[in-house]
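Protein chains in written order, with numbering that gives the first Met the number 0: chain A, 0 to 293; chain B, 0 to 240; chain C, 0 to 344.
Calculated from the structure, these hints are not laboratory results. Ideal Cβ placement from N, Cα and C applies to all residues, glycine included. Be a bit skeptical, because a hint or two may be false.
What the hints assert, rightly or not - In silico lysine to aspartate or glutamate, DMTMM-like type, Cα no more than 25 Å apart, as pairs:
id: 1; chain 1: B; residue 1: Lys87; chain 2: A; residue 2: Asp88
id: 2; chain 1: B; residue 1: Lys107; chain 2: C; residue 2: Glu296
id: 3; chain 1: B; residue 1: Lys107; chain 2: B; residue 2: Asp122
As the list claims (entries may be wrong) - A few chain B residues that don't get close to chain C, going by computed Cβ distances all over 10 Å:
id: 4; residue: Gly13
id: 5; residue: Glu29
id: 6; residue: Ala53
id: 7; residue: Phe83
id: 8; residue: Arg90
id: 9; residue: Asn101
id: 10; residue: Leu103
id: 11; residue: Gly185
id: 12; residue: Leu195
id: 13; residue: Asp217
id: 14; residue: Asn225
Unchecked claim - What follows is a list of derived Cβ distance ranges for each label pair:
id: 15; chain 1: B; residue 1: Gln230; chain 2: A; residue 2: Phe149; range: 53 to 61 Å
id: 16; chain 1: A; residue 1: Tyr261; chain 2: B; residue 2: Phe12; range: 54 to 62 Å
id: 17; chain 1: C; residue 1: Tyr324; chain 2: B; residue 2: Asn169; range: 56 to 64 Å
id: 18; chain 1: C; residue 1: Val103; chain 2: A; residue 2: Leu218; range: 34 to 42 Å
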Amino acid sequence: MTTFGQLVFSGLLIGCIYALMSMGLTLIFGVLRIVNFAHGEFLMIAMYGAWAVTAFLGLNPYVAIVAVVPAMALFGVVVHQVVISPGVDKPHLVLVFATMGLSILMQNVALMFFSADLFDVPPMFDGQSVIIGPFFFKAELLLGFMIAVFCTISLRWTINSTYLGKAIRATVQDSEAAMLMGVPVPRIFMIAFASGSALVGLAACVMMPLFSVFPTVGLNFVLIAFVIVVLGGLGSIEGALLGGMCIGIVQSVSSYYIAPAYGQLFFFVLFLLVMIFRPEGLLGRKGESTVGIN
Amino acid sequence: MTILEVDRLMRSFGTLMAVAGVSFSIREGELVGLIGPNGAGKSTLYNLIAGAIAPTSGKIMFQNRSVAGWKPYHAARSGVARTFQIPKPYRKLSVVDNVALNALLHNKSMAAARRRAEAILADVGLADQAGNPSTILTVGELKRLEVARALALHPTLVLFDEIMAGLTRNEVVTMTALVASLPARGITVIWVEHVLYAIMNAAPRIMVLHRGELIADDSPENLVKNSTVIQAYFGEETTFA
Amino acid sequence: MSVTSKSTIETKPRRASPGRWWMKPGHGSVSWLELALLVACIALVVAPVPHSYQDVINITLLWGGVALSWNIAGGYAGLISFGHAAFFGIGAYTSTILLVNYGVSPWLGLWLGGIFAAAFGITLALIGARLRGPFFILSTLAAAEVVRIGALNWTSLTGGAEGLWITPTKSIANMVFASRSAYVALVLGYAIIVYLVSKAIERSRYGLVLFAVRDDEDAASAAGVNPLTARTGAMGLSAFLTAIGGSLFAQYFQFLDPTYVISPELSFQFALLAALGGLGTAIGPALGAIVIMPLSELLRSYLGAAFQGLHLAIYGGFLVFVMLYLPGGIASALERSTGRSKETP
């Protein structure tokens, strides 16, 4: 029984970290109504960034947050201005393919500069586990979980209590009306995209102690992120957290009891079931998926 | 013979009752106007009749068949055509192909469909735009394209939705003449319109919708004296000489 | 009844300015460019070409055919799919398993592969019946991943990660040829057939129905079209044709591995070739394959050694640029430069 409990709790923890990684995707979708197919590559270069700070400055990845998050925000601004903004008013397939092209570009630039080798950061706490009751948790896992939850709460507070948050909510509900009311919608788009990228940067720093980085690591994680945001409801921040927890648990339990390979299969099946029966996800707005995005 | 009968039709969106118990019947060959202030529920009523949405309760009978909740393509195949208030052209297709698709319902070959489409385009005055992409049409021309598409379906009942918007005075006159000619061709017309001078002069019977309810169903001459209607539009007692 | 007098309707005779991009289904007429391409392809097959080039030609033609198949769903019906590698793989594995385990000739096996893929495609379209935009795309991705993981783990059937080999006993019945040019001819035949199917769709009723459902589903529904049947039909046909390409691929390379054959990367490639070439026309995916595949091979051989990945980085950047500034792809650039539409009204 404790094995099952261990699996569930570890799954919960890693799931929240996955959620942190997916939060940027859902924020960008909620505000700009686009799916960034290069999301995994954003994570990838942020992870390389965290690795570089660790390897060359001798700091640990959590301290690297201070550098990586602003860098990713800036990167997000650049990508938004150059790639996203020209395509936002066009049919959605333009940005689907453009972000795909971006993902190919980024993967191969990474390949050129870093080669295909796997990079890791050295373990921080000498591999010690934290013991809570009958369960063992890696310290990095616990720390990542706490950061993820804290981030979700801060994000929710920002959206509810600040003017920027109000402007974002207005843009989400009706961007034309928001614009007419004086909300600088194009700037909100840019801010949302940059924030989404910054979130990815945060996630990368938290994930670096737990995973290796290599040029195509993005593809694995972006599929997980897609499943999470769809499960939670595209555009919902708490939904991403909830979806992440579900996915983490499903993956953890099925990998142990069935087979690691089948772990992935289960959450794709879960994804398809959600698409069939509740496409708006657990906490999403009804009708989004049928109305379509343009 | 009654072609369309609507009985206590209701449609709610959450707590909003968009159509709140509407009942009327329309005979074959009638030309009936449907007016009402914004938000009255006219578009919802059209969507219900044309099958785009299903009613919360109530009956819709088309040619004595119960059709509530049917799909738009069922409606089209049964002879009910509609225009869209905000025109929905096929952006990547030419003007003639926009109409030809609708003509395909009753014309088996592409060539026959295109010929019929060109004839109808001539009817609405878009003949010389036939080969052009639909993206270059003005709003007024797009409205006329909507009319052409509706007529291409060989309908028995047609639901026009604000087809006069964006037309010049002359164009309104010609389009009104076209609409008025339809009953003689065996097409029953329901006509939602905001351009009141056009509809008040052409339609012998006009229904007035307000906040989801039918508040009047009469001839234009009587309507202008109807205080409920006047109140709905102007909000206070006004008299016309 | 009809209003024919132009003087009472104020219509300004306006023609579309030449060079403005818009797409119209062709009327089945064949343009000079298409004829020229056909002649060039036949020449490439017939002429004695060094072996290293034959691989590229083969892949180009095969990928062209698959991109054209993808386009039937993605370009004509608006069903953008990032899961077509699943259909490709179903075709490849079906005909190969039938050949290797049961001695069934691939000429027969490819039909069965096509049917299985079509069934899967129809199922996908039904699952995604209410989904639009990125939701639909993601569900195609997920479905393909399910197929890939299934194939990877069902080792008794597919050989799993170790792959499946075709032992080459050369015979026409086995679709294993001694000469490479026979393969190239076969693949060219496939590409031409898919191209002709595309052109036939473009000029037919069915094509117009697909375009209408793509451009405005509500309006098409109000015109008497059942959007679901249109979409499932397009997906099924697209899957069928893609699967045949998969069978041909298996026969040429004689080795199948789910990690490549059913991969998202492959799915993206099919979609990208069609998008770069120009969605929604037959010439588009053909141009996409003909221009991009040899170019990327060229880039790889020149740059691949120096900087691993540079050629693909250029490819990615090019894609971004084209999608943002030339959304009609290479085909529309061609239209604009010749100053006129290839198809006449």
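Evaluation of the provided hints:
1. Lys87/B / Asp88/A: holds (18 Å)
2. Lys107/B / Glu296/C: Outside the cut-off at roughly 47 Å; violated.
3. Lys107/B / Asp122/B: Holds - the C-alpha atoms of Asp122/B and Lys107/B are around 22 Å apart, at most 25 Å.
4. Gly13: Per Cβ check, Gly13/B is outside 10 Å of chain C; nearest 20 Å; holds.
5. Glu29: holds (18 Å)
6. Ala53: holds (14 Å)
7. Phe83: violated (7 Å)
8. Arg90: Given that some Cβ of chain C is not farther than 10 Å from that of Arg90/B, nearest at about 5 Å, it is violated.
9. Asn101: violated (4 Å)
10. Leu103: violated (6 Å)
11. Gly185: holds (12 Å)
12. Leu195: Correct as stated: the minimum Cβ-Cβ distance to chain C is 22 Å, above 10 Å.
13. Asp217: For Asp217/B, whose nearest Cβ neighbour in chain C is about 29 Å away, the distance exceeds 10 Å, so it holds.
14. Asn225: Fine: 33 Å to the nearest Cβ keeps Asn225/B off the interface.
15. Gln230/B / Phe149/A: 53 to 61 Å: The hint (53 to 61 Å, Cβ to Cβ) holds, given that Gln230/B and Phe149/A are roughly 58 Å apart.
16. Tyr261/A / Phe12/B: 54 to 62 Å: Since Tyr261/A and Phe12/B have Cβ atoms about 43 Å apart, the given range 54 to 62 Å is violated.
17. Tyr324/C / Asn169/B: 56 to 64 Å: Hint violated: Cβ distance 42 Å, outside 56 to 64 Å.
18. Val103/C / Leu218/A: 34 to 42 Å: holds (35 Å)
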